[in-house]
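Number of protein chains: 2
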Amino acid sequence: MTAKKTAAKKTPSAPVASPWATTTDREQQREAKRNAVLQAAAQMFNERGFHATSLDDIAARLNVSKPTLYYYVKNKDEILLQCVSKGLTMTLEGIEASRRAGGKAMDQLRACMEVYARIVTMDFGMCLIRVGDEQVPPESRRELRRLKSAIDQEFRRLVAAGVEEGSVAPCDPKMTAFVIAGALSWIGRWYQPGGAYSPEDIAQQCIRTLCEGVLRRPDAAVAPATAPARGRARPPKAAPA
Amino acid sequence: MTAKKTAAKKTPSAPVASPWATTTDREQQREAKRNAVLQAAAQMFNERGFHATSLDDIAARLNVSKPTLYYYVKNKDEILLQCVSKGLTMTLEGIEASRRAGGKAMDQLRACMEVYARIVTMDFGMCLIRVGDEQVPPESRRELRRLKSAIDQEFRRLVAAGVEEGSVAPCDPKMTAFVIAGALSWIGRWYQPGGAYSPEDIAQQCIRTLCEGVLRRPDAAVAPATAPARGRARPPKAAPA
Numbered sequence: 405m406t407a408k409k410t411a412a413k414k415t416p417s418a419p420v421a422s423p424w425a426t427t428t429d430r431e432q433q434r435e436a437k438r439n440a441v442l443q444a445a446a447q448m449f450n451e452r453g454f455h456a457t458s459l460d461d462i463a464a465r466l467n468v469s470k471p472t473l474y475y476y477v478k479n480k481d482e483i484l485l486q487c488v489s490k491g492l493t494m495t496l497e498g499i500e501a502s503r504r505a506g507g508k509a510m511d512q513l514r515a516c517m518e519v520y521a522r523i524v525t526m527d528f529g530m531c532l533i534r535v536g537d538e539q540v541p542p543e544s545r546r547e548l549r550r551l552k553s554a555i556d557q558e559f560r561r562l563v564a565a566g567v568e569e570g571s572v573a574p575c576d577p578k579m580t581a582f583v584i585a586g587a588l589s590w591i592g593r594w595y596q597p598g599g600a601y602s603p604e605d606i607a608q609q610c611i612r613t614l615c616e617g618v619l620r621r622p623d624a625a626v627a628p629a630t631a632p633a634r635g636r637a638r639p640p641k642a643a644p645a
Numbered sequence: 405m406t407a408k409k410t411a412a413k414k415t416p417s418a419p420v421a422s423p424w425a426t427t428t429d430r431e432q433q434r435e436a437k438r439n440a441v442l443q444a445a446a447q448m449f450n451e452r453g454f455h456a457t458s459l460d461d462i463a464a465r466l467n468v469s470k471p472t473l474y475y476y477v478k479n480k481d482e483i484l485l486q487c488v489s490k491g492l493t494m495t496l497e498g499i500e501a502s503r504r505a506g507g508k509a510m511d512q513l514r515a516c517m518e519v520y521a522r523i524v525t526m527d528f529g530m531c532l533i534r535v536g537d538e539q540v541p542p543e544s545r546r547e548l549r550r551l552k553s554a555i556d557q558e559f560r561r562l563v564a565a566g567v568e569e570g571s572v573a574p575c576d577p578k579m580t581a582f583v584i585a586g587a588l589s590w591i592g593r594w595y596q597p598g599g600a601y602s603p604e605d606i607a608q609q610c611i612r613t614l615c616e617g618v619l620r621r622p623d624a625a626v627a628p629a630t631a632p633a634r635g636r637a638r639p640p641k642a643a644p645a
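Top to bottom, those sequences are chains A and B.
All residue numbers for the first sequence refer to this note's numbering, where the first residue is 405 and numbers rise by one.
All residue numbers for the second sequence refer to this note's numbering, where the first residue is 405 and numbers rise by one.
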């Protein structure tokens, strides 16, 4: 005991094992808790709707009091803004990663579709589709629309590049980007977590239908129709009729 | 005068030319006015959002007072219920008409896609997509969901029949119906009345992309990409590569 005390006196600037968390730890904990609030809120908005969810409901789900929530978020509108913003940012980051991976425009386009389809089955992405930004105040909405537009532009750019390289059917890239975004966004409307279809099944089947078309291709091999076809990552190879 | 009076006495049940409208006329006028209220409301909900539209705004657009509106509708919630309900009913009626027209499953499916794509560019159909039924009270929402489900079931049935007849690519009809509904519903989100694309352009281009697929078909003729291609009702015929 005595020796330790002496050592502590000799090096007064040495780190003391404090029972309190460091500033960095506290910031990380605060961020994790704030994220838990946002995620619980997104889940409830998606389940029962934005208007039918109160801050009391969100607090109850997290087993905390409403005043505790106010330590992390200002109000319900700010929660929604953050949820939608996170959904958009995750999508843009995923698209950016696909772009960095490089390759043919069609491969990049497919990778972006996979990102998009996956994110709309997740809490923040689903919130973006189910609740949207109508409730967000106008000045914040402008920033969200900028992010949305960046996603749209990236899809149009890849479609145009695909037409250029001969992999995508000649089209108006704006229209084709809307068809893709619409079909994939819709997943966020009807997807039920824990239902018969896994997010991967859904993504692969929807992307296949988008890429190959609803019509049977004249030279396509006839494959039996399947409900939840897990892991069919690519459409079946075409074979001579 | 005397003769006329006598004649009137002789046939007391003959119609008298009244300056007041008949009950039928009055009912028709009332219905037309009620419809104008709903349509003005749908337009404003679509333009600025449900929450940002007040009954005062709707009254101002119609140049009437708010108390006048209450003669036709109970409140804003009832207006929304009626708008969404009309959007769904119009869609179902259009689908029913396509079914009665008969023909191959694929032709019926295409006709249903055209109905759907057209209706989501119209006031009530757009309201169905942009505002939706979250604000509608639960008991009314159940009826709306029944109508939505009927539309979905009809698309699934036609996709399955198309697979059966060999015109539609083998698929899970549920997934393919969702891809179609998603891509076409999305039109209601981004369509701008009076913009560069007419509803017909949009319908034809989106349906072509859905039917033929985003990927270039190996044997497809290369046609130049076009922005607003008015009246291209069918995809270009395939030609040997």
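The set of hints was computed from the structure by calculation and includes no laboratory data.
Only a predicted model underlies this, so the values are computations on that prediction, with no experimental measurement involved.
Do not rely on the hints blindly, as some may be mistaken.
[Unchecked claim] Stretch-level coverage of chain A by chain B, calculated; a stretch enters the list once three of its residues show a Cβ under 8 angstroms from a Cβ in chain B:
{"id": "1", "segment": "446–458"}
{"id": "2", "segment": "472–486"}
{"id": "3", "segment": "590–604"}
[As the list claims (entries may be wrong)] Partial pick of chain A residues on the chain B-facing surface, computed with a CB cut under 10 angstroms:
{"id": "4", "residue": "517"}
{"id": "5", "residue": "609"}
{"id": "6", "residue": "612"}
{"id": "7", "residue": "613"}
{"id": "8", "residue": "620"}
A virtual CB, placed ideally from N, CA and C, is assigned to each residue, including glycine.
Structure-based check of each hint:
1. Counting residues of the segment 446–458 of chain A whose C-beta sits closer than 8 angstroms to any C-beta of chain B gives 4, which meets the bar of three, so the coverage hint holds.
2. Coverage of a stretch by a chain is defined here by at least three residues with a beta carbon nearer than 8 angstroms to that chain's beta carbons; for the segment 472–486 of chain A and chain B the count is 0, and the condition is violated.
3. With 5 residues having a Cβ less than 8 angstroms from any Cβ of chain B, the segment 590–604 of chain A passes the three-residue criterion, so the hint holds.
4. Of the supplied interface hints, the one on residue 517(A) holds, with its beta-carbon coming within about 9 angstroms of a beta-carbon of chain B, less than 10 angstroms.
5. Because the closest C-beta pair between residue 609(A) and chain B is about 4 angstroms apart, less than 10 angstroms, the hint holds.
6. At its closest, the beta carbon of residue 612(A) sits 8 angstroms from a beta carbon of chain B; the interface hint therefore holds under the 10 angstroms criterion.
7. With a least beta-carbon distance of about 5 angstroms to chain B, the hint placing residue 613(A) at the interface is held under the 10 angstroms criterion.
8. Given hint, residue 620(A) at the interface with chain B, holds; its Cβ is 4 angstroms from that chain's nearest Cβ, closer than 10 angstroms.
Consistency note: the structure conflicts with earlier hint 2 alone.
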